[in-house]
Amino acid sequence: MKARVHVMLKSGVLDPQGEAVRHALGSMGFDGVEAVRQGKVIELDLAETDADKAKATVTEMCEKLLANTVIESYSVELA
Amino acid sequence: MHAAVIVFPGSNCDRDLAVAFERAGARVSMVWHKNTDLPQGVDVVGVPGGFSYGDYLRCGAIAANSPICRSVIAHADKGGYVLGVCNGFQILTETGILPGALLRNAGLKYVCKPVGLKVATSDSAFTQGYAAGSTITVPIAHHDGNYYADAATLERLAAEDRIAFTYTENPNGSARDIAGILSENRRVLGMMPHPERMAEPLQGGTDGAALFTGVMGALERA
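Those sequence lines, one after another, are chains B and U. Sequence positions in the first sequence follow the numbering used here and run -19 to 59. Sequence positions in the second sequence follow the numbering used here and run -4 to 217.
The hints are simulated quantities; they were obtained by calculation from the structure and are not laboratory data. Incorrect hints may have been included.
[Stated by the list, open to error] Per label pair, the in silico range of CB-to-CB distance:
hint: 1; chain 1: U; residue 1: E179; chain 2: B; residue 2: T37; range: 39 to 47 Å
hint: 2; chain 1: U; residue 1: A153; chain 2: B; residue 2: E43; range: 26 to 34 Å
hint: 3; chain 1: B; residue 1: L58; chain 2: U; residue 2: G128; range: 50 to 58 Å
hint: 4; chain 1: B; residue 1: K(-10); chain 2: U; residue 2: K108; range: 26 to 34 Å
We treat Cβ as the ideally placed atom computed from N, Cα and C, and that holds for glycine.
Just chain B, with the same shape it has in the complex:
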């Protein structure tokens, strides 16, 4: 079973990289981009076949390693 984890800086935490991308888009002529937030996607191939168990395990992975919950939020998608 595959899992996809999205990790984003929490709203309220300044994202300087997103800001830099927003500036670059503006200078390239893409008007009206009011905000850019940059995150990451982590894909996992799991041996687990039970969706509930997989979700619980990946959530634990997020809490312990994949995200830093002081500054980041995460979501888990199974496929």
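Based on these hints, arrange chain U on the given structure of chain B.
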């Protein structure tokens, strides 16, 4: 006095940190990240700067979950002294030993230069050799040194006098100009600037040396 300096793949300030501890009178053991235990009788643990595990995922995240870090956490929990410099500070926040996190510098640039630091408190083994309010010069060299914590945590750090150093001119966007903070028991210090790079005259200054002699002095008196 026995200091242990942790060595991760990608650490690059471990030897400098060891020399600074040695010059302050410590016997130093270098401890590889795959070890599960610190040497017997270690008084102070140094977590060095560098790019542990290539800074993959987040700076310090993988190091914080390495075998030796469990022992470093246990050492801190028992009231042992820990100094984390630069990547070491990032690792200590990732373990949860120190609160907050280090974000990408607000200016997005890697900043490598000597900076002015205000000693915000002299109430710790690490900072007792400095006069509170005095200014020292110590180099920084980081890309992710922008200290972040939520408003309640920042308030608490200030109220408990746990901000150890602040920048005289904020180089990275850190909340409240924070360059270094102390744990609740004041025995764990995490800081982005490198005191070990300003610890003997050949390095261009000695403002960092008192930090190492300070903690050695506290251990001698204990």
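Cross-check of the supplied hints:
{"no.": "1", "hint": "U:E179 / B:T37: 39 to 47 Å", "result": "violated, 32 Å"}
{"no.": "2", "hint": "U:A153 / B:E43: 26 to 34 Å", "result": "holds, 28 Å"}
{"no.": "3", "hint": "B:L58 / U:G128: 50 to 58 Å", "result": "holds, 55 Å"}
{"no.": "4", "hint": "B:K(-10) / U:K108: 26 to 34 Å", "result": "holds, 30 Å"}
In summary, the structure is inconsistent with hint 1 from the numbered list given earlier, while agreeing with all the others.
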